[in-house]
Structure formats: structure tokens, C-alpha cells
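Engineer: What follows is each chain in one-letter form.
Protein chains: 4
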Amino acid sequence: MKTEKECEATVASMNFIADHIKKVASELDKGSVTDLVTGIMGSKKIFLMGAGRSGLASRAFAMRLMHMGFNVYVVGETTTPAVQQDDLVIAVSGSGETPSIANLGGIAKKIGSKLATITSNKDSTLGRISDIVVIVPGRPKEDVIYEDYHERRMIGYPQLAPLGTIFEISALVFLDAVISEMMVRTGASEAELKKRHTVFE
Amino acid sequence: MKTEKECEATVASMNFIADHIKKVASELDKGSVTDLVTGIMGSKKIFLMGAGRSGLASRAFAMRLMHMGFNVYVVGETTTPAVQQDDLVIAVSGSGETPSIANLGGIAKKIGSKLATITSNKDSTLGRISDIVVIVPGRPKEDVIYEDYHERRMIGYPQLAPLGTIFEISALVFLDAVISEMMVRTGASEAELKKRHTVFE
Amino acid sequence: MKTEKECEATVASMNFIADHIKKVASELDKGSVTDLVTGIMGSKKIFLMGAGRSGLASRAFAMRLMHMGFNVYVVGETTTPAVQQDDLVIAVSGSGETPSIANLGGIAKKIGSKLATITSNKDSTLGRISDIVVIVPGRPKEDVIYEDYHERRMIGYPQLAPLGTIFEISALVFLDAVISEMMVRTGASEAELKKRHTVFE
Amino acid sequence: MKTEKECEATVASMNFIADHIKKVASELDKGSVTDLVTGIMGSKKIFLMGAGRSGLASRAFAMRLMHMGFNVYVVGETTTPAVQQDDLVIAVSGSGETPSIANLGGIAKKIGSKLATITSNKDSTLGRISDIVVIVPGRPKEDVIYEDYHERRMIGYPQLAPLGTIFEISALVFLDAVISEMMVRTGASEAELKKRHTVFE
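So the sequences go chain by chain: A, B, C and D.
Position 153 of the first sequence, counted from 1, bears residue number 153 in my numbering, the numbering being contiguous throughout.
Position 110 of the second sequence, counted from 1, bears residue number 110 in my numbering, the numbering being contiguous throughout.
Position 117 of the third sequence, counted from 1, bears residue number 117 in my numbering, the numbering being contiguous throughout.
Position 193 of the fourth sequence, counted from 1, bears residue number 193 in my numbering, the numbering being contiguous throughout.
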């Protein structure tokens with residue numbers, strides 16, 4: 001079967017995701033990005049949290065923040081200390097309604113720490129209580145048929161990037177771009193990051 | 001400072017990563033992708049492994065394979081059973097030389113299970129011993145100056161995507177595209193995936 | 001200083017913990033233990049959950065249940081599927097009030113799955129909603145001075161086993177004893193367990 | 001069936017484990033315990049590592065060291081930085097031969113950091129390269145029949161505590177006793193530990 005040999009769905013999915021990343025980049029609210037960068041650089045400790053694949057994106061960011069030299073922790077890992085007033089808590093949640101993360105967000109606010117949320121949904125539980133909200137748009141509302149796909153059998157949107165895929169990858173790429181932003185602003189070199197990278201792997 | 005208010009490094013980094021994803025998509029070796037898909041669909045159990053951020057990419061893929069209904073495990077997690085002959089082990093390693101992952105790859109081959117590796121480096125320890133190798137190109141050899149970047153102060157490549165960033169994100173997007181490929185091939189619907197998604201989060 | 005060279009606090013702490021384990025063993029409610037064993041052996045899938053060090057105890061148990069051949073998962077790990085009606089969810093919480101665990105316990109009951117809790121506190125949020133409650137007593141109410149300790153400077157209770165230590169270790173030992181109980185009941189041999197033990201470590 | 005209703009295997013297993021803990025306490029080499037305590041208190045950063053259930057014991061210890069205020073990390077977790085010369089790496093391995101842990105131990109020595117190992121086997125790969133070795137005896141060599149067990153059907157040793165159970169629990173209890181030792185030596189109060197305990201759970 002020609003379609004399968006060509007792996008057209010694989011190629012279409014990668015292009016669909018890349019196009020979405022470009023769209024997110026072009027629509028970024030620069031003010032909230034700057035608030036996030038300033039918040040990170042001005043906090044004593046930084047805590048990342050997220051559930052499922054959003055949690056994996058938040059961990060990838062946490063690892064790079066450690067490489068940058070920040071005091072950074074992942075909520076739920078073994079040696080993560082108590083959150084305190086001068087700390088920044090960053091939540092990653094597409095819907096802004098993930099129950100466990102929204103609950104922890106509420107606790108963070110009660111403690112008096114700063115809360116930032118990366119989400120597709122500004123008007124959500126997390127969006128409403130956060131000091132900083134960066135919008136990363138997720139899945140399109142309507143069922144998109146991928147246009148570059150030249151086969152007769154079209155691939156609809158959900159199969160190109162099911163469930164939260166589009167948000168999770170876009171959030172990860174955005175957060176990696178924030179690392180780039182901070183490297184440029186602080187003049188940090190790749191060599192400095194490498195020095196902090198574990199060799200225990 | 002204009003540059004910082006504009007967050008140009010953030011936007012440039014996202015575009016740089018998206019462009020790389022498109023490049024990877026266009027250069028994919030369809031034969032090895034098909035071997036990977038066939039290997040996954042024909043194995044009794046599937047094991048994912050990777051260190052650091054490559055490990056996070058491998059987990060994101062493992063989670064979706066579980067949503068697809070496969071018997072899938074992450075090496076090192078609590079209830080991951082012993083690998084056996086009819087199983088497929090998938091390694092994610094940009095260099096193909098991550099010591100712990102290369103060691104486990106060797107053990108996998110001794111056990112007689114099938115080994116697949118997602119890597120930038122075919123001629124590596126993991127590349128040489130694997131039954132299936134999918135090449136996902138990583139960082140460019142030379143220092144690239146990002147061309148779309150219209151500021152006088154140019155951003156060099158390593159600051160746009162330091163260390164293994166380019167490989168890690170490309171591998172993640174490729175693996176998500178493999179999910180898309182399998183959904184199209186098997187006719188799996190998003191609703192079926194959602195049914196297996198935990199509500200414990 | 002004699003006391004320190006003798007490491008008397010170390011020895012006193014180990015004896016204090018061992019004595020508590022024996023006390024827990026002698027006060028076990030056999031009916032609830034049998035309900036737990038029966039619940040495990042009669043469920044399609046088993047899910048373990050707990051926060052902090054109670055979470056580590058629940059993972060140690062989950063790993064052994066996997067060695068016994070059960071379909072067992074740790075809540076929050078990568079490939080843990082959705083909980084369903086015929087499943088058993090086991091919570092480990094000394095107070096029975098850990099917010100995230102109590103919330104998940106409520107969701108488990110709404111789904112219609114069976115909920116078992118290992119706790120010191122029967123009359124707690126988790127204790128009240130659980131189908132099976134096994135009481136593992138935790139720290140004594142009063143400040144105990146360790147009696148076998150023959151130094152002039154006495155060690156008070158909290159320093160012998162601070163915070164939840166006594167509950168966490170007692171719960172772990174109890175759960176390992178449940179493995180022993182199931183090996184005897186089913187005639188499972190150590191060799192069978194070993195066969196399922198990963199060699200990827 | 002009387003035996004099962006009585007849960008005699010459960011009780012016998014708990015007593016067997018408690019007796020072993022007391023035996024380990026009575027045979028502790030005080031010199032090596034003091035070296036471990038001194039090593040922890042004199043190091044800039046402390047890293048814990050172990051595979052499987054020994055890894056869970058090492059994490060439980062790492063969490064308490066964090067509560068004590070140490071800069072402590074678990075090898076393999078997200079924000080664990082690079083090990084350096086002034087650091088202490090602590091391995092937990094019953095056999096002292098767990099391949100991944102022995103490899104990392106070798107790397108730790110090459111870096112020039114101090115290596116401590118908790119093991120049953122002094123004459124092992126890890127035992128031989130470590131600066132500090134604390135012996136925690138594991139399973140008895142011969143098949144022990146539990147003597148307090150008054151049923152006609154006796155329970156042999158492996159069923160009372162299969163595989164590495166005896167070592168893993170004894171190591172955990174020993175390490176918790178080291179926390180007790182350090183609280184007494186430094187005068188740290190439980191309240192100070194509690195302040196560092198996360199409320200995000």
C-alpha cells in the first residue's frame with residue numbers, strides 16, 4: 001500500500017506540529033513572556049509542576065533552568081523542599097483546570113508565592129489565580145483537514161495530533177525558547193550550561 | 001531595550017526549532033519508520049528508555065502508546081517487568097553513546113529482544129547493535145546565525161537551542177507523528193485513546 | 001565524645017523502630033488484612049498511591065506485586081492507565097488526610113472501583129470512604145523516652161523517628177508481609193518472583 | 001482455613017524482619033557509621049543512588065536529608081546537577097554489584113568525589129572502590145525455618161522475605177537511624193525538619 005510505505009501521516013503530523021509552533025511564536029504576548037523571564041530571574045527558588053505530558057514538558061524546562069544555575073525543583077520529586085514566599089511556582093496545564101495542579105496553585109497563592117501558568121485557557125481556574133499567564137494556544141476548535149497532504153484519503157486534525165499533543169509540544173518549545181531568551185539576556189554560554197549537566201547517565 | 005521587550009530571541013528560537021522539525025520530516029527514511037511501526041505493532045511488550053531530556057521524550061511516547069492500548073513500560077519505573085525475547089526495546093539517544101542506555105541496549109540484545117534506536121548518529125554504539133535505527137538529525141555541525149532574525153545583534157546557533165535541545169524536541173515530535181501514523185493505519189479514534197487516559201491527575 | 005563514637009542514637013533508633021514493628025504485628029486486625037489480600041487477588045488491575053515517603057512505601061509494594069504477576073500500577077507514573085470499575089486502588093497515608101491522595105480516593109469511589117487504605121487513622125477522610133481499612137499505628141501520642149538507652153543524655157521520641165518515620169516503615173514492613181502471606185497462600189516460589197524481576201538495573 | 005484467617009504468615013514475616021533489624025543494629029560497625037555521618041555533614045552536595053527497591057530506600061533517606069537542610073539530590077531525577085569534587089555520593093546496593101550503580105560509582109571516583117556504599121557485601125565492586133562502606137547484612141545463607149511460627153506447616157525463609165527484602169528494609173531503617181544520630185549530634189528539632197517538609201502533597 002503506497003500510503004503506508006510513504007509514511008505520509010508521519011510527515012503530515014510533523015509538519016502540522018511545526019506549523020502550529022510557528023503560529024504560537026507569531027502570536028506570543030511579549031509582555032507576559034517578559035514577566036515570566038523577570039519572575040524567574042528574580043525568584044529565590046523556582047518550582048515546576050504539571051500532570052501527564054504537560055508534566056514532562058515542565059520537567060524538561062526545569063532541567064534546563066538547573067543547567068542555567070537556578071535553584072529549581074519539580075513538585076513531587078524526592079528532594080523538593082517547601083515552597084515559600086519569595087518563590088515562583090510555574091504550572092503547565094493546557095486546560096488550566098487539571099484538578100491536582102489547580103489545587104496546588106491555590107496553595108501556592110495562600111503561601112504568598114508568585115504563580116505563573118502556561119496554558120491555552122486564560123479564563124480557567126489556574127488562569128484566574130495566576131500572577132503571570134502565558135497563553136500557548138492548543139488544538140484548533142474545528143476539525144482541520146491537513147492541506148499539504150496530497151493523498152486522496154485525508155487526515156483529520158485529531159489523528160495528526162491527538163488529545164493534548166499540540167499544547168504539550170508547543171509549551172515545551174516555548175519554554176525552551178525562554179531558555180534561549182535568558183541566555184541572550186544574561187550572556188550565558190553553552191559551555192556554562194554543559195558544566196552543570198550531569199555525567200551520571 | 002527594544003530587543004528584550006520584543007522577546008526576539010524567544011520568537012527566533014521557536015522558529016528555528018520549527019524549521020528543524022520540518023527539515024527532519026522531509027529527510028525521514030521511510031523504510032526505518034515503517035520498520036519501527038511494524039516492530040511496535042508486532043511486539044508483546046514495548047520498553048522505552050532514554051537519559052535526561054531524551055528520557056522525557058521517550059516517556060511522552062510511552063504514555064501515548066499506553067493510550068493506544070499497547071503493553072508499554074518505561075525502563076526504571078516501579079512496575080516495569082523483565083524484558084523478554086518477544087519484546088521490543090526502544091532507546092532514545094542523540095549521540096547513541098549515552099553509557100547507561102548503551103549498556104542496557106547490549107543487555108536487550110543478549111536477552112534476544114529486538115532493539116530500536118532513535119538517534120542522530122547511525123555509527124554509534126547503539127546504532128551498530130540496533131535492529132532498527134531511525135535517524136533524527138540533531139544540531140548542525142557549524143555555528144549557524146539565524147537568518148530570519150532582523151536585529152543587528154545576531155543570535156548564534158547554540159543560544160537558539162543549547163545542548164541537545166534540537167534532537168530532543170525533534171525526537172519527541174517524530175515519535176508523536178508515529179502515533180499519528182499508527183492511528184491512521186489502525187483506524188484508532190481519539191475517543192479510544194481518551195478512554196485509556198487517566199483521570200487521576 | 002563517647003556517646004557519638006558509640007553511635008548510640010543510631011542503635012536506639014533501629015531498636016525503637018523494630019519494637020514498633022513487633023507491636024504493629026501483634027495488634028493487626030486479621031479480618032482487614034484478609035480483606036486486603038482477597039481484594040488484591042480478585043481485582044483486574046491494582047493501583048498504588050501515596051505522597052512523599054508513604055508513596056515510596058507504596059511503590060516498594062507495587063514492585064513486589066509485579067514480581068508476583070499482578071497487573072499493578074503506580075498512580076502518577078508514565079504508563080499508568082485509567083482506573084476502572086473492577087480495579088482496586090490502594091492508598092498509603094498515615095493521617096488519612098493527605099489532600100491529593102484523599103481527592104484521588106474520592107474519584108476512585110465515584111468511578112466505582114474498590115478503595116483500600118493503609119493508615120493510622122480510621123476516622124479520617126480516606127478511612128471513612130474506603131471499602132477496606134488496615135490500621136497501622138504510627139507515632140505514640142506522648143513523648144517517649146527510649147528505655148534501653150543507658151546513657152545519661154536520654155533521647156526523646158521524635159528524635160528517634162521524626163515526622164512520619166514510624167508509620168512509613170511500619171506500613172512498608174506490613175505490605176511486605178502481605179507479599180509473604182500471598183506467597184504462602186498461593187504457593188508462589190521465590191524463583192517465580194525472580195523471573196519477573198528486571199535485569200535492566 | 002485457620003492458618004489463613006489468622007494471617008500467620010503476615011505476623012511471622014513482620015517479626016522476622018523486626019528481629020533482623022535488631023540483629024543489624026547489634027552488629028553495626030560504629031566506625032563506619034561515624035565516617036558516614038561525618039562525610040554527610042562535611043560535604044557540599046550529597047547524591048543518593050540505588051536501583052529498584054534499594055533506590056526507594058535511598059530516596060526515603062534523601063528526603064529526610066533535605067528536611068535536615070542538606071543540599072541533597074537523587075541521581076536520575078530531573079534537576080540533579082553534576083557531581084563535583086567536594087561532593088559525597090552514597091550508593092545503596094545489597095550485592096554491591098548492581099551494574100548501573102557500580103558504573104556510576106566508578107565515575108564518582110574518577111571525578112574525585114567521595115563514595116560511600118551501604119551494602120551486604122564488603123568484597124564487591126562497589127565495596128572495593130568506596131571510601132566508606134557500611135555493612136548491612138542481608139538474607140541468611142541457609143534456608144531458615146521461622147521458629148516462632150507455631151503452625152504445623154512451617155514457613156521457610158525466602159517466603160518470609162523474598163529476594164532483597166531483608167536488605168532493603170534494614171538499609172532503610174539504618175539510614176533513618178542515621179537521621180536520628182544527626183538530629184542528636186546537631187540538636188536539630190523535629191519542628192525544623194517539619195518547616196522544610198513540602199505542603200504540596
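Just so you know, these hints were derived from the structure itself, not from any lab.
It is possible that part of the hints are untrue.
If several chains are the same, the list does not tell them apart, and a pair holds so long as it fits within one copy or across any two.
[What the hints assert, rightly or not] Derived pair list, reagent style BS3-like, types lysine-lysine, alpha-carbon separation capped at 25 angstroms:
id: 1; residue 1: K22; residue 2: K109
id: 2; residue 1: K114; residue 2: K45
id: 3; residue 1: K44; residue 2: K109
id: 4; residue 1: K44; residue 2: K194
id: 5; residue 1: K195; residue 2: K109
id: 6; residue 1: K22; residue 2: K194
id: 7; residue 1: K45; residue 2: K195
id: 8; residue 1: K23; residue 2: K44
id: 9; residue 1: K22; residue 2: K44
Quick caveat, the model's predicted, so the values are computed rather than measured.
Engineer: Hint by hint, note whether the structure agrees.
Structural biologist: Status of each hint after checking the structure:
1. K22 / K109: neither (33 angstroms within a copy, 41 angstroms between copies)
2. K114 / K45: Classified as within: same-chain Cα gap 11 angstroms, cross-chain 28 angstroms, threshold 25 angstroms.
3. K44 / K109: Intra 16 angstroms, inter 32 angstroms, cutoff 25 angstroms: intra-copy only.
4. K44 / K194: both (22 angstroms within a copy, 20 angstroms between copies)
5. K195 / K109: So K195 and K109 pass the 25 angstroms test across copies only (18 angstroms; inside, 35 angstroms).
6. K22 / K194: neither (28 angstroms within a copy, 27 angstroms between copies)
7. K45 / K195: both (21 angstroms within a copy, 16 angstroms between copies)
8. K23 / K44: neither (33 angstroms within a copy, 40 angstroms between copies)
9. K22 / K44: neither (33 angstroms within a copy, 38 angstroms between copies)
When the structure is compared with the earlier hints, violations turn up for hints 1, 6, 8, 9 and for no others.
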